[in-house]
Amino acid sequence: MNYLRVIRNNWKKCTFGAAVSVYALQSLKTHIEIEQHMREFASNVQSNWVSDRPKKVLVVLNPVANKKRSEKFFKNYCEPVLHLAGYSVEILRTNHIGHAKSYVEELSALPDAIVVAGGDGTSSEVVTGLMRRRGNLCPITILPLGRSVQSASKRIHIFGVKDVAYVKSLCQALEPMLKGESHYQSVIRFDVINEDDGSDGQLKPIFGLNGLSWGLLENIDSAKDKYWYFGPLRHYASAASKSFADNWSLKTDYVYTPPCPGCVDCASVQRQEAALPSGLFTRNLFKYQKNPAEPKRTLVKNDNCSNQIKGSVEASQINISCVQNQDNFAELESQFISSLQPGWEFIKQIPQVTCSNILPNLVVKSRTIQLHPAGEMADKFYSIDGEEYDARPIKVSVVPNAIKVFC
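The numbering used here applies: residue 688 is where the sequence shown begins, and numbers increase by one.
Hints in this document: simulated from the structure, not taken from any laboratory. Computed from a prediction, not measured in an experiment: that's the story for all the values here. Treat the hints with care, since some could be wrong.
[Claimed, not checked] Under the rule of at most 25 Å between Cα atoms (straight-line distance), these lysine to any residue pairs were calculated in the SDA-like manner:
| id | residue 1 | residue 2 |
| --- | --- | --- |
| 1 | K997 | H1059 |
| 2 | K742 | V732 |
| 3 | K997 | K929 |
| 4 | K755 | Y790 |
| 5 | K891 | A1061 |
| 6 | K929 | K1082 |
| 7 | K755 | E868 |
| 8 | K1091 | D908 |
| 9 | K938 | L1049 |
| 10 | K911 | H1059 |
| 11 | K911 | D850 |
| 12 | K743 | D850 |
| 13 | K755 | S734 |
| 14 | K1082 | K1035 |
| 15 | K762 | A772 |
| 16 | K997 | W935 |
| 17 | K929 | V942 |
| 18 | K866 | K891 |
| 19 | K743 | N782 |
| 20 | K891 | V776 |
| 21 | K1052 | N991 |
| 22 | K911 | P892 |
| 23 | K716 | Y790 |
| 24 | K891 | Q1039 |
| 25 | K855 | V776 |
| 26 | K755 | P831 |
| 27 | K1082 | V1000 |
| 28 | K1082 | S789 |
| 29 | K929 | N1044 |
| 30 | K762 | S734 |
| 31 | K938 | D908 |
| 32 | K911 | P750 |
| 33 | K855 | R876 |
Given the sequences, and given the hints that come with them, work out the whole structure.
Shown next, in the form of structure tokens:
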């Protein structure tokens, strides 16, 4: 009874003490589970995957990714594993936009592998730097150190408590490289179209793995951090702030070519691009040569490959991604969403908007697609793998089996 009396008379202190004790126990339990998993994983690496010949690995680390926590996670859980497996590790800490892209592009000799320790923007820069080179390309490993990946965890990170599942995902991302398991992955190429002559050979192309997003849903997602004070509801707050906006509509003309598994005409176009004269410095950097070690397909004649289908659309959101179709070759999938309208009806759809469950009104399957935005584009931006670019006429094309990825 004395204990109950003390608790009743000091209930605030007891509640605070209980909360601190629960947090300390949970933190200790998480720390023990992480240490146990890392010991088991390190033991497995040492007994099975130690390389006989030291391999050189370039780690492209974005120190500001994931609220400046990516470097800490890499140093604690990834770098020791690479050293244990016998890799020679070189770390590039990026310090400005485009640093990784220019560094990889201008390397005198590529390493045995590149490890991307950052978000989607860092991986896009590394892929772009590789694709602008000539000759054989080294494989890459992408570690889930970006903020968007970690925020997908269902557990809430309170006061820096680390998620065991997240640490395990980092080890799982390294495991294919240690085993030597890789496959070729297609990438998406973005070329700015010269409005004067319709060509796409004046600026260097951008390459990405995830695709292009343009419109209302992308604006909502990029602006949610402004509403940090709403905590886990900041995405809903960002969507609600756009409910009565007047700049939803995106008007664009599009020109696309049908999907093609790889025919004689496609190969001819690629050979012409590779054989262009390299007298101009920009032209030499701009063009690329696909990896000659990629899987080969039997070239056939496809009469529909060069057909161009034109149209125009008014939508509030446009998404372009690369998918593998039923015939097992890569194609572009362009989704146009025009069902969203400002007002109270949109407020009712906010749960679907934040979960990206809005069905597209038009889906276009293609090998290449050109977008020609209409109207004033001063405040409009494309999002390519999480990085913003001015909304200009652009050609999007798929480069099949372009790079080797450990996964």
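Results of checking the hints against the structure:
In summary, the hint linking K997 to H1059 is supported, as the alpha carbons are separated by about 11 Å, within the 25 Å threshold. As the CA atoms of K742 and V732 are separated by approximately 15 Å, the hinted pair is consistent with the 25 Å bound. Note on K997 and K929: the hinted pairing is violated, with a Cα-Cα distance of about 31 Å set against a maximum of 25 Å. Proposed proximity of K755 and Y790 is supported: the alpha carbons are some 21 Å apart, at most 25 Å.
Between K891 and A1061 the alpha-carbon distance is near 23 Å, which keeps this suggested pair within the 25 Å criterion. Only pairs whose Cα atoms come within 25 Å are accepted, and K929 paired with K1082 is rejected, the gap being roughly 29 Å. The suggested pairing of K755 with E868 is violated, with an alpha-carbon distance near 30 Å, which exceeds 25 Å. With a C-alpha separation of about 30 Å, the suggested pairing of K1091 with D908 is violated against the 25 Å cut-off.
Simply put, K938 and L1049 have alpha-carbon atoms about 14 Å apart, close enough for the 25 Å limit, and the pair holds. Distance restraint check for K911 and H1059: the Cα-Cα separation of roughly 28 Å exceeds the 25 Å cut-off, and the hinted pair is therefore not satisfied. Distance hint between K911 and D850 is fulfilled; the C-alpha atoms sit about 23 Å from each other, no more than 25 Å. Under the criterion of a C-alpha separation no larger than 25 Å, the hint pairing K743 with D850 is inconsistent with the structure, at around 30 Å.
Between K755 and S734 the alpha-carbon distance is near 33 Å, which puts this suggested pair outside the 25 Å criterion. The suggested pairing of K1082 with K1035 is violated, with an alpha-carbon distance near 35 Å, which exceeds 25 Å. Between K762 and A772, the direct Cα distance comes to roughly 15 Å. Compliance with the 25 Å bound is thereby established for this hinted pair. Distance restraint check for K997 and W935: the Cα-Cα separation of roughly 23 Å lies within the 25 Å cut-off, and the hinted pair is therefore satisfied.
The straight-line distance between the Cα atoms of K929 and V942 is roughly 30 Å, outside the 25 Å bound, and the hint therefore fails. Our distance criterion of 25 Å between C-alpha atoms is broken by K866 and K891, whose separation comes to about 35 Å. The straight-line distance between the Cα atoms of K743 and N782 is roughly 22 Å, inside the 25 Å bound, and the hint therefore holds. For a cut-off of 25 Å, the pair hint linking K891 to V776 is broken: about 30 Å separates their Cα positions.
Between K1052 and N991, the direct Cα distance comes to roughly 13 Å. Compliance with the 25 Å bound is thereby established for this hinted pair. Of the supplied pair hints, the one linking K911 and P892 is violated, its CA atoms being roughly 29 Å apart against a limit of 25 Å. For the given pair, K716 sits about 42 Å from Y790 by alpha-carbon distance, which is inconsistent with the 25 Å threshold. As the CA atoms of K891 and Q1039 are separated by approximately 37 Å, the hinted pair breaks the 25 Å bound.
Restraint check for K855 and V776: satisfied, since their Cα atoms lie roughly 21 Å apart, inside the 25 Å limit. Distance restraint check for K755 and P831: the Cα-Cα separation of roughly 14 Å lies within the 25 Å cut-off, and the hinted pair is therefore satisfied. With a C-alpha separation of about 16 Å, the suggested pairing of K1082 with V1000 holds against the 25 Å cut-off. Restraint check: the Cα-Cα separation between K1082 and S789 comes to about 22 Å, which is no more than 25 Å; the hinted pair holds.
Straight-line distance between C-alpha atoms of K929 and N1044 comes to about 17 Å, which keeps the hinted pair within the 25 Å bound. Distance hint between K762 and S734 is fulfilled; the C-alpha atoms sit about 22 Å from each other, no more than 25 Å. For the hint linking K938 to D908, the alpha-carbon distance of about 21 Å falls within 25 Å, and the restraint holds. Our distance criterion of 25 Å between C-alpha atoms is met by K911 and P750, whose separation comes to about 22 Å.
Annotation: proposed proximity of K855 to R876 is violated, straight-line Cα distance about 32 Å (limit 25 Å).
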